[in-house]
Amino acid sequence: LAGFTAPSTLNSDKSQNRKTRNPECFMNVSEIIRYHGYPSEEYQVTTEDGYILGSFQLWVDGYNIGTWQKPVVFLQHAFLGDATHWISNLPNNSLGFLLADAGYDVWMGNSRGNTWSLKHKTLNPSQKEFWQFSFDEMGKYDIPAELYFVMNKTGQKDVYYVGHSEGTTIGFIAFSTYPDLAKQVKMFCALGPVTMCSHATSPLIKITKVPESLLRLVLGCKGAMHQIGFLKGPMTQLCTSLDKFCGHVLCYIAGGNIKNLNTVSI
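The sequence shown begins at 679 in the working numbering and counts up by one.
Read the hints as simulated data drawn from the structure, not as lab findings.
We put the CB at the ideal spot given by N, CA and C, even for glycine.
Please note: incorrect hints may appear among the correct ones.
What the hints assert, rightly or not - Computed cross-link-like contacts, DSSO-like style, restricted to lysine-lysine with a CA-CA straight-line distance of at most 30 Å: (1) Lys818 with Lys864; (2) Lys818 with Lys831; (3) Lys864 with Lys748; (4) Lys831 with Lys861; (5) Lys835 with Lys797; (6) Lys887 with Lys818; (7) Lys818 with Lys748; (8) Lys797 with Lys818; (9) Lys835 with Lys799; (10) Lys835 with Lys864; (11) Lys887 with Lys835; (12) Lys818 with Lys861; (13) Lys835 with Lys806; (14) Lys937 with Lys922; (15) Lys831 with Lys797; (16) Lys864 with Lys831; (17) Lys861 with Lys887; (18) Lys748 with Lys861; (19) Lys748 with Lys835; (20) Lys831 with Lys748; (21) Lys818 with Lys799; (22) Lys806 with Lys887; (23) Lys818 with Lys806.
To be verified - Ranges of calculated distance between the beta carbons of each label pair, as one might list FRET restraints: (24) Leu920 with Leu892: 26 to 32 Å; (25) Gly728 with Tyr930: 34 to 40 Å; (26) Ser812 with Ala860: 19 to 25 Å; (27) Lys937 with Gln805: 40 to 46 Å.
Using the sequences and the hints, build the whole thing.
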């Protein structure tokens, strides 16, 4: 009897110590928001050059969405990011939720080509023409389209703009290109602002020194992250088991301190 009960107890202990996958891993933006008990709406915004962008709205319970009296804040993510980055931590430590709790009508944008902005009026992501854009197009087309959409939808004449990294770069482009739009921004909060990368130390910067022909051969002419989407499942499982390891890799590439990172959310 002892020979059979011991392994059973051991397996039970192992199962209790086994880390469980974060349920938010495969949720979309609205699902994550609602998972934490907040209302959410999703919209599609079409740019002047035909890209269809996913835009998400977050507000607090009890807010009468028909009155539009709360100040509007628009959040724009960083390089290789998306709207989930504003809500990926706990509600008491995620800017999107914190702003909603503080009484703001929160809108989160997504740049062309990311997970929530893979549509176009005439092109599709399998065509290399879909990917013929840079930060310039994001600033000249994406930001104006999203901000004017938000203002038209809410009836507000101006907004607060919060950008992180790439979100600041394309904000600078948009507001310097369109002075009238800049006048409708109450405040521009630039988090980790980027105008040039001359002194950046991230390994990603070294990619810029690789010959363009080699980059095209390795990465192709389409969205690299879009191409390796099939790795999301295995990588999620890996980082669930080895969260500290994944945290150190992330900090090495993007900077930061592992002590300030909630590795459960990786």
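We went through each hint and held it up to the structure:
Proximity of Lys818 to Lys864 is assessed by CA-CA distance (about 19 Å); at most 30 Å being required, the pair is judged to hold. Taking the CA atoms of Lys818 and Lys831, the gap is about 21 Å. The hint holds against a cut of 30 Å. Distance restraint check for Lys864 and Lys748: the Cα-Cα separation of roughly 14 Å lies within the 30 Å cut-off, and the hinted pair is therefore satisfied. Restraint check for Lys831 and Lys861: the C-alpha separation of about 18 Å stays at or below 30 Å, so the hint holds.
Only pairs whose Cα atoms come within 30 Å are accepted, and Lys835 paired with Lys797 is accepted, the gap being roughly 28 Å. Between Lys887 and Lys818 the CA atoms are separated by roughly 27 Å; this keeps the pair inside 30 Å, and the hint holds. Annotation: proposed proximity of Lys818 to Lys748 holds, straight-line Cα distance about 27 Å (limit 30 Å). For the hint pairing Lys797 with Lys818, the CA-to-CA distance comes to about 18 Å; that is within 30 Å, so the pair holds.
With a C-alpha separation of about 28 Å, the suggested pairing of Lys835 with Lys799 holds against the 30 Å cut-off. Pair hint Lys835 plus Lys864 holds up; C-alpha atoms about 10 Å apart against a cutoff of 30 Å. A hinted pair counts as satisfied when its Cα atoms are at most 30 Å apart, and Lys887 with Lys835 does not qualify at roughly 44 Å. This hinted pair checks out: Lys818 and Lys861 have alpha carbons roughly 16 Å apart, not beyond 30 Å.
Simply put, Lys835 and Lys806 have alpha-carbon atoms about 38 Å apart, too far for the 30 Å limit, and the pair is violated. Taking the CA atoms of Lys937 and Lys922, the gap is about 10 Å. The hint holds against a cut of 30 Å. Proximity of Lys831 to Lys797 is assessed by CA-CA distance (about 21 Å); at most 30 Å being required, the pair is judged to hold. At roughly 18 Å between alpha-carbon atoms, Lys864 and Lys831 fall within 30 Å of each other, so this suggested pair holds.
Between the alpha carbons of Lys861 and Lys887 the distance comes to roughly 38 Å, so the proposed pair goes past 30 Å and is violated. A hinted pair counts as satisfied when its Cα atoms are at most 30 Å apart, and Lys748 with Lys861 qualifies at roughly 19 Å. Under the criterion of a C-alpha separation no larger than 30 Å, the hint pairing Lys748 with Lys835 is consistent with the structure, at around 12 Å. Restraint check for Lys831 and Lys748: the C-alpha separation of about 13 Å stays at or below 30 Å, so the hint holds.
Our distance criterion of 30 Å between C-alpha atoms is met by Lys818 and Lys799, whose separation comes to about 18 Å. For the suggested pair Lys806 and Lys887, the alpha carbons sit about 23 Å apart, so the restraint of at most 30 Å is met. Note on Lys818 and Lys806: the hinted pairing holds, with a Cα-Cα distance of about 21 Å set against a maximum of 30 Å. With their beta carbons about 31 Å apart, Leu920 and Leu892 fall inside the hinted range of 26 to 32 Å.
Separated by about 37 Å at the C-beta atoms, Gly728 and Tyr930 satisfy the suggested range of 34 to 40 Å. In this structure the supplied range 19 to 25 Å holds for Ser812 paired with Ala860, their Cβ-Cβ distance being about 21 Å. Judged by the Cβ atoms, the range 40 to 46 Å given for Lys937 and Gln805 holds: they are separated by roughly 44 Å.
Hint compliance for this structure: hints 11, 13 and 17 are not met, and every other hint is.
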